[in-house]
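Engineer: In this note's numbering, the protein residues as written are 22 to 616.
FYI, nobody ran anything at the bench for these hints, they're computed from the structure.
Please note that a few of the clues may not be correct.
[Said to hold, decoys possible] Derived pair list, reagent style DSSO-like, types lysine-lysine, alpha-carbon separation capped at 27 Å:
1) Lys-551 with Lys-527
2) Lys-373 with Lys-270
3) Lys-551 with Lys-499
4) Lys-373 with Lys-261
5) Lys-220 with Lys-271
6) Lys-420 with Lys-499
7) Lys-580 with Lys-553
8) Lys-220 with Lys-23
9) Lys-566 with Lys-382
10) Lys-515 with Lys-566
11) Lys-569 with Lys-584
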Amino acid sequence: MKQNYLTGKDFFDIFRHGAMEVINNKDHLNKINVFPVADGDTGNNLAMTLNSVIDYTQVVDSFHETSKSMAEASIYGARGNSGVIFAQYISGIAAASEGKDRISLKDFIEVIRKASEGIYEALVHPVEGTMLTVMKQWSLYLIEHKDKYQYIDEIFINSIEEAKSLLLKTPEQLEILKKHNVVDSGAKGFVYYLEGIIKFLRGETIKAPRDFQRAGVWNQSYDRNHEHTEFRYCTETLIKGNVDKEELKKALETFGDSIIVAGSATLKHIHIHTNTVEDVFKTLSKYGIIDRPKIEDMRMQERLKDKTSNIAILTDSIGDFPKTYFEQYDVHLLPVNIFVGENQYLDKVTVKADDFYDTLKNSKIYPNSGQPNDIQVKQKIDYLKEHYESIICIMVSSKLSGTYESVEKYGRKLQEEGYPIEVIDSKLNSAAQGLLVTRVAEMVAEGVSKEDVVTEIKNIIPRTEIYVALNTFANSLKSGRVPKVVGKIGVLFKLRPIISLDKEGKGTAFSIAVSKKKLMKKITNMLEKKNKETPISQYVVVYAKDQKGAEDFAKDIEKIIGKPPEYITEISSVTALHVGEGAIAVGFIREENGS
């Protein structure tokens with residue numbers, strides 16, 4: 022590139038080729054990844070981030086407008102510690118080039134310097150010997166030698182050896198790198214980026230990677246020995262709004278480490294390792310609009326090395342069972358989305374039940390739910406596919422949610438490719454769905470084959486039922502789960518309904534009472550009758566902020582069935598959205614000769 026300036030189109034061209042070199046070498050970056058956590062995903066995270074820029078940038082002649090679009094695309098698509106740092110780097114380039122349609126060689130060097138220094142401002146605790154060190158020291162080298170450069174290509178070609186030298190020094194600066202005898206993975210990714218640009222400037226052809234995919238969706242691989250970390254969840258989200266970056270960093274500092282607040286004045290990408298995900302999101306909600314939350318359980322990733330089965334069980338968050346079951350069995354969660362106004366949360370992951378009940382009472386706009394989108398479904402299943410020989414997906418009733426359809430669509434694609442995945446419409450929800458998942462988890466733990474498990478699931482579903490006692494019609498009315506006329510009459514006369522599911526999994530209300538005590542008595546009477554007809558083999562009780570009521574209810578059922586419930590647990594926030602505070606449900610399975 023024998024020119025001493027860059028337009029927006031020029032910059033995007035060199036960036037795209039640098040990005041492709043990183044993407045082509047993502048597996049190597051995964052392999053050497055040991056900092057900040059040895060989760061083997063730096064290459065994937067950089068690939069997803071850079072891929073997002075390639076896919077979504079609006080390329081125009083103006084350098085600033087193009088880099089601004091690149092910055093926004095990178096913030097939206099950033100993944101992981103390394104990805105968020107690179108997104109901040111691009112955002113810094115955009116900010117430093119304000120008002121410039123075409124940028125001179127010397128101004129470009131100055132823009133790079135400001136961008137690299139801006140990364141330090143985005144991190145709460147910058148660590149030397151990483152990507153940010155190489156970015157900054159490389160930019161200072163360019164500043165020192167800027168009078169020697171005449172054309173744009175000289176900037177990169179004449180400084181690559183310095184970048185490589187800086188990379189080789191990273192183990193001297195960071196003990197964990199020295200211990201594992203590797204250079205920093207993120208820094209190596211940046212050097213790959215520079216090498217890709219040089220190949221382009223020299224006229225070499227860089228092939229698009231074979232597994233190059235649109236929309237930043239990549240398979241994850243975590244086959245690494247993890248260093249100990251006191252924090253469990255890698256937490257990311259976008260915050261929309263004009264929020265002070267320093268104020269955000271200070272607010273997050275008490276919740277964890279690896280904190281990065283990257284982005285522009287009105288759009289920021291948050292990254293933090295924490296043990297208190299719900300508290301992080303409660304705090305963030307005070308500063309702006311939460312969008313695209315993403316949580317990775319780093320402890321679960323580590324446990325996959327010692328998994329007990331080659332069959333993964335996937336269920337959505339509407340199925341209710343104790344959180345300990347995720348640890349005990351090979352059960353994985355696909356969270357349903359919850360929207361409170363414009364804020365996006367992940368059910369059972371980023372919102373506490375008690376906080377959600379307060380939201381139901383106080384929010385001016387009644388929350389609503391949304392099924393996992395295609396990208397969320399693909400990322401979760403691809404992740405499991407990397408670690409298990411087969412997957413069994415047990416989804417909430419297709420009559421209640423589109424989640425089953427989304428998962429089944431992608432599952433069908435994998436089946437056509439030869440991967441053994443089974444997607445099952447449970448025709449159930451809440452307590453009943455959770456009980457079914459529990460039975461499946463037990464069978465898988467006992468070593469039952471996938472085929473036999475699937476056969477048994479289809480045998481159990483028709484024998485599984487649920488009764489839900491609502492304390493009010495109000496929530497079902499607001500969420501649209503009951504006809505307006507019925508709901509308004511129920512609220513007016515303070516009626517309490519019993520709802521259930523028919524054989525096809527469609528919701529139905531079939532009894533009412535004026536007091537909760539009478540309502541619970543009706544359910545125990547029905548259970549007693551059912552148990553006499555065909556014994557109930559297992560049951561569970563779930564509740565919406567009424568643990569004492571649920572425990573008393575379980576004692577009454579125990580007198581009838583002759584044994585305690587498998588468990589008593591809180592319902593999902595998504596279900597609480599429809600049934601409201603005070604609801605109690607029982608899910609049960611009858612013996613095989615039941616009707």
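Engineer: Determine for every hint whether it applies to the structure shown.
Structural biologist: Structure-based check of each hint:
1. Lys-551 with Lys-527: Status holds; Cα separation ~20 Å.
2. Lys-373 with Lys-270: holds (22 Å)
3. Lys-551 with Lys-499: Answer violated: Lys-551 to Lys-499 is near 33 Å, above 27 Å.
4. Lys-373 with Lys-261: holds (22 Å)
5. Lys-220 with Lys-271: violated (42 Å)
6. Lys-420 with Lys-499: holds (19 Å)
7. Lys-580 with Lys-553: holds (13 Å)
8. Lys-220 with Lys-23: The given pair, whose Cα atoms are some 15 Å apart, holds under the 27 Å limit.
9. Lys-566 with Lys-382: OK: Lys-566 and Lys-382 at ~13 Å, within 27 Å.
10. Lys-515 with Lys-566: Cα-Cα ~19 Å, so holds.
11. Lys-569 with Lys-584: holds (19 Å)
In the structure shown, a violation is registered for the earlier hints numbered 3 and 5, in ascending order.
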